Amino acid sequence: MAKVLMKGNEAMAEAAIQAGCQAFFGYPITPQSEIPEYFSRELPPRGGLFLQAESEMAAMNMVMGASAAGGRVMTSTSGPGFCLKLEALAAMTLTRLPAVIVVVMRSGPAFGTMKAAQEDYRMCGNGGYRVVTMAPSDVQEAAAMVYEAFDIADQYRNPVVILADGMIGQMMGSVDFDRMPPRRENLPAKDWALRGSDSRGGKAQAILFPVGTAHYIEKNIAETELYPALIANETRVESIGVEDADIVLAAYGTASRMCRAAMETLKGELKLGLIRPKTLWPFPYEAFEAVNPKCKAIICPEINIMGQMIDDVKIAAAGRWPVSHVGDSRTDFLTPDAIVEKVRQVWKEVNA
Amino acid sequence: MNIPDPIIIVGHYGSGKTEFAANLALALSRAGRPVLAADLDIVNPYFRLRELREDFAPENIRVISSYYEDEMCLDSPALAASLRSCFEPEGTGEARIADVGGDPAGATVLGRYAALLRGQEYGMWLVVNANRPQTREAAQVAAYIDAIQRASRLQVTGLVNNTHFLRETGAEDVLRGDALVREVGKLTGLPVICTAAEERLLPALRDADLAGELFPMTLRMRPDWLDR
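Protein chains in written order, with the numbering used here: chain A, 1 to 352; chain B, 1001 to 1228.
Wrong hints could be hidden among the right ones.
Examples of chain B residues lying across from chain A (beta carbon under 8 Å, computed) [stated by the list, open to error]:
{"hint": "1", "residue": "G1014"}
{"hint": "2", "residue": "Y1046"}
{"hint": "3", "residue": "G1212"}
{"hint": "4", "residue": "P1216"}
{"hint": "5", "residue": "T1218"}
{"hint": "6", "residue": "D1224"}
{"hint": "7", "residue": "L1226"}
{"hint": "8", "residue": "R1228"}
Covered stretches of chain B (chain A as the covering partner; in silico rule of three or more C-beta atoms under 8 Å from a C-beta of chain A) [stated by the list, open to error]:
{"hint": "9", "segment": "1077-1090"}
{"hint": "10", "segment": "1124-1133"}
To be clear, the hints were calculated from the coordinates, so they are not data collected in a lab. Bear in mind that the values here come from a model prediction, so they are computed numbers and not experimental data. Where a beta carbon is used, it is the ideal one built from N, C-alpha and C, also for glycine.
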């Protein structure tokens, strides 16, 4: 397929199919509904299974079942639906079942509104488990991340979350599927999969939930082997001009696009750097070690009110620089102008 | 360019309908007419004509929408009563444009107004972007026309070539779209009304033999920062 114009949601669905996604289980919710729509049209004729479940919870449990059967499977949702999927997601980290979950965030809490937001940062890995969480900032990258997520999930036997925001899902963008990341080779065989019988290369039955001592063994392996391996191998970040920056902006997804616009506006006034985490977990703490020691402040623009990623930025800053948040106003979500204003205000304060 | 009243803009989602409708509203208002621009999209809450309401007020363009008047965040699939004025035979004294949601799903809302439009003159233009995977070939576009006509219970009366790659669009994209809409025209008997292209592309297109009039556009819907 040559370069085409697609909505972010469509591009993520197409990337999944090209990555070998065999089954999609989902439930409609704005702003991600084009994903199930795309699968419903495209997946059955290309040999896969599309199923609209009776609820988000049911869809996630179907994902768990199909993954246990050895399939490459996916679901997608937005914040209110993601809450409902968390129990099954947590179970999949304990039973070590791979899958890809796309979350296209809108403004919460709960049913909230339809406007794009970055409010589900803390939902990706609460309660004693971790999942690789990727944060795309344009349509091409959204497709590439979904494409690679299937391999990451299979390589480590752990679910992968794509945390996009409403703007990434809903915006149009050109996407070239010839520019997807290379497929990973030597992925482990799914010899644990329940394929019905030994003759089909799998098991007929298994107790997937480790209990008693086995529970502690599984959790220990995850926390002492799996998560350190993910931190070492799968942390992604983009850094721009942080070595000589006066102020560094730290932002992901759509907020990072607004940062780029703000940086252009402020060119000539002061030197701005940008740290854009492409994985929110593992969080790229190391990237902050490259920040200019003479940098005066870090600002963390997010499309929310109080800030969420800012907690990790503060850990990374370790008290070396003041860290402040800029986000939604009383009437609208974050804008590039609000970032510009915040930078000027902080710059004035640190030089006072 | 002869613009019927009311003029209804339909097409595949992502074809650039709303961008075209916004520019059409500006063209009409700059020709000296007050304009009523109705946002009839109840499929998608993003990138909607309603976002231009404040910007358009000083241009003598009145934007009405399918949501509870001032509520930009709550979306329900309901049509405000005021939208009916866009289709009533007596008119409003304004040049009327209806920007409809994408695909047959978006066009379904028109069914409610179809009876009002019967016996009236109206235009319904299909915006085509040859860079969208679902509308790259003439047969696909013809299938869209058929499905949108059935959903809306109205007839498409013309084609608009709006082939683009957002801010990466080149003259070659416009020309690819030109070949496509000509073929669709042959297949369906529909006239090509115009070729929409960003103003910056006009020099490159000056000598091209394009179907219909060349309609220059400035991007109003897509914030600059999305392409940094």
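* Asked: For which of the previously enumerated hints does the structure constitute a violation, in increasing order of number?
  -> 3, 4, 5, 9
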